[in-house]
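Number of protein chains: 2
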Amino acid sequence: LTKCFLLQVVNILLHYIKKMFDVKSKILDFHHPHQLLEGLDGLNLELSGHPESLEQLLVDCTDTLKYGVKTGHPRFFNQLSSGLDVVGLAGAWLTATANTNTFTYEIAPVFTIMETILPKKMYGIIGWGETEADGIFAPGGSISNLYGILVARYKQYPEIKRQVMTALPCCVLFVSEQVSINFCHHQGHIPFCVTASTGSAVFGALDPLQDIADICEAHRLWMHVDAAWGGGLLSSGNHSHKLSGIERANSATWNPHKLMGVPLQCSAILIREKGLLEACNEMHAAYLFQPDKLYNVDFDTGDKTIQCGRHVDVFKLWLMWKAKGTCGFEAQINRHMELAKYFCKVLKKKDNFKLVFDAEPEFTNVCFWYFPPRLKHIPEGFERDQELQKVNARARLIEKGTAMISYQPCGDKVNFFRMVFSNPATRRADVDYLIDAIERLGKDL
Amino acid sequence: LTKCFLLQVVNILLHYIKKMFDVKSKILDFHHPHQLLEGLDGLNLELSGHPESLEQLLVDCTDTLKYGVKTGHPRFFNQLSSGLDVVGLAGAWLTATANTNTFTYEIAPVFTIMETILPKKMYGIIGWGETEADGIFAPGGSISNLYGILVARYKQYPEIKRQVMTALPCCVLFVSEQVSINFCHHQGHIPFCVTASTGSAVFGALDPLQDIADICEAHRLWMHVDAAWGGGLLSSGNHSHKLSGIERANSATWNPHKLMGVPLQCSAILIREKGLLEACNEMHAAYLFQPDKLYNVDFDTGDKTIQCGRHVDVFKLWLMWKAKGTCGFEAQINRHMELAKYFCKVLKKKDNFKLVFDAEPEFTNVCFWYFPPRLKHIPEGFERDQELQKVNARARLIEKGTAMISYQPCGDKVNFFRMVFSNPATRRADVDYLIDAIERLGKDL
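Chains A and B, in that order, give the protein sequences. Mapping to this note's numbering: the first sequence position 438 is 438, numbers consecutive. Mapping to this note's numbering: the second sequence position 166 is 166, numbers consecutive.
Bound-form chain A, shown alone (with noise of 0.2 Å):
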């Protein structure tokens, strides 16, 4: 019975992966929350609290595919997460099967042997010697920048472990685009760590991390870098030189599960001393982390963490890699990095479509506004702006459920779109797709 559940679940799923790859079918079918809410056609996810048959569980399973967003479909560019990679989905089958926790040798042998392999491999790539640094995957970036930071605040103030926190002085955390470091002591302030970013969400921008960590090794700040997104491009020869610098951080936080396409969560903390990240955050909880095993419990990872038990995220990662090499990686990179220059090179072309930087794209990144024809003969100002703010061209996108990308607006930009190059499935021709689409439902907006 069990066996057969799941089969029939399994094939429900390939399917949908089947349907999902093939560019003809929609992204989504667009509905209201209150629609779902209340139910259509067969679905409803109030629970009645009465138990369901088998079969209801599988049309259950359908309709949540059926409703849900096809976030691997190859024109789906609207997260710095997308794509689906077949290995790496079979990794996180396996690890719901395995159905275990991190923070043990005794319960994860396999996964926590792994969870040291990843990250010296990924700070070998990084330029951090392999041998003496640290890292764990934790549940998302921000999370793992935590993480950094409150590493950055334990090696200087290392009482925070005993006293309250009232007993330190005010610490101040620098991140992108601060006022200076001088300023700040003379108000009494403590600067104790600066953060850089490699891959802002919008732009894409890259931090000049050379500059900032001369900085912070003049003024012995932490550096932490936020390489969430960045640090795919690490992987690639072509373009690994503009993370120059992120080999003098002291922690940085790199999610494969973003550029380098591994199935959501798979986010990695990297901490370049050993043993801080456990002088940090132990609790020795002497129920889970008993001194006296049989083993040598070094590979007792929880008392690394604020977390205790951790998801095992770790094995995907280490599958695909398996499967692709870091040739493969670097393969996949290059390919999105040539694509968001192809996007540029034609958006250029057309005098409807304007980037909002002129430049050859750093990153994946592209933002751009599109001109309905009645704003075309507006000159640029105030006024073209305020209608500009309200062409809300992705609204049409979701509802036809053919193409999904973002937009938003940044600092003094109205509205634009943010196109991104993260999903492995897109082709140069769903590109040439979307730019039409916009035009077609925009033209009299």
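Source of the hints: derived by calculation from the structure; they are not laboratory data. Treat the hints with care, since some could be wrong.
In this list, chains with the same sequence are indistinguishable; a pair is considered to hold if it fits within one copy or across any two.
Unchecked claim - Straight line, CA to CA, 25 Å or less: simulated BS3-like cross-link-like pairs of lysine-lysine: (1) Lys-354 x Lys-341; (2) Lys-24 x Lys-3; (3) Lys-24 x Lys-121; (4) Lys-66 x Lys-26; (5) Lys-26 x Lys-293; (6) Lys-443 x Lys-400; (7) Lys-443 x Lys-293; (8) Lys-66 x Lys-3; (9) Lys-354 x Lys-376; (10) Lys-293 x Lys-400; (11) Lys-3 x Lys-18; (12) Lys-24 x Lys-66; (13) Lys-66 x Lys-293; (14) Lys-66 x Lys-400; (15) Lys-390 x Lys-274; (16) Lys-354 x Lys-66.
Following the hints, put chain B in place on chain A, whose structure we already have.
Same frame as chain A, now just chain B:
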């Protein structure tokens, strides 16, 4: 090719599941970390950097499972999370295939709706009424508790969002076994929150929630209940009274991946006052949470969290609830409690076992010592404790791989076993087997 590869992987997984449920198979084939690192019998965890064939990947999948721990085996008693619910597993496979993120309705319409339905169901069971509270799924109990405490602090000091931390008074959080609240005021420290625990990890101890609620009301303190482990008892009419008082809490953590047997990870943080979670954590990232979307953006949950993106943990629980109904969870939990009672009864009859607490178990944790024959003649006291601490019968169980159970010292109590029932596959015969095995393997220790 995709279909063929995935079906072969599924075949490996189904074979594993079948073996796992077979009580005669080993739970683990124990090896030391250095053995797995060095590689054995064809197993090679290191990444060469070169692409491997799909056939090799299938071998890798088989090996990964072979050297892992079968956490769903009927005699795996090692963790609060154990067992493998097949419907939950199907849910996890579907979630992996959908490969999306819970932060916006836009890219996860069905899952974000489910993330309103399930918390509502859960806080309904807690007794907060069904319309006004709030909740999300977080990566594990520790992060859920963190959310509870962040919201508690925000409620008392909303200025934390704009001012630096040192602008606040020295805030104090009370956890179990604390000094008095008045004393703390004398010291100039301001209490803001009490966290109560229902189901401590080792003993399964339940804090007196009504008394704590009285104190919190009198002192106007936020009451957070960590019911990560204990929450499951609420599903049972026979046992929910043990959490009486939780209906007076301001926030609660409840992990369906523990007592309710949902595959890892599935942890909810429930907040009684709607709106606080968002007010506390929102950052208004314009590139994700555009207010001019074409749908009601109340379902974009990303601004409720410090994480932004979150793994979809809700679907497994939703599907299991559909399959079992509320009564199915109730029956499962009653069975765990009955097994705990049975286990105690059997141990009491044996003179080479001793319970750490003689009373009937309040929860499914049962802590006990085993005395090998040579210790039976040493009188109770320091010398016997010294010897008992060294009796590591558990190590032998792990080496044999036929059962897995946790052990630890706690406070003044030397190493003892912690039996715990949360694995739906466990039967009385497995309990009997465990006792026999400890006697057999431990008699000459």
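Violating hint indices (sorted, rising) | 3, 15, 16
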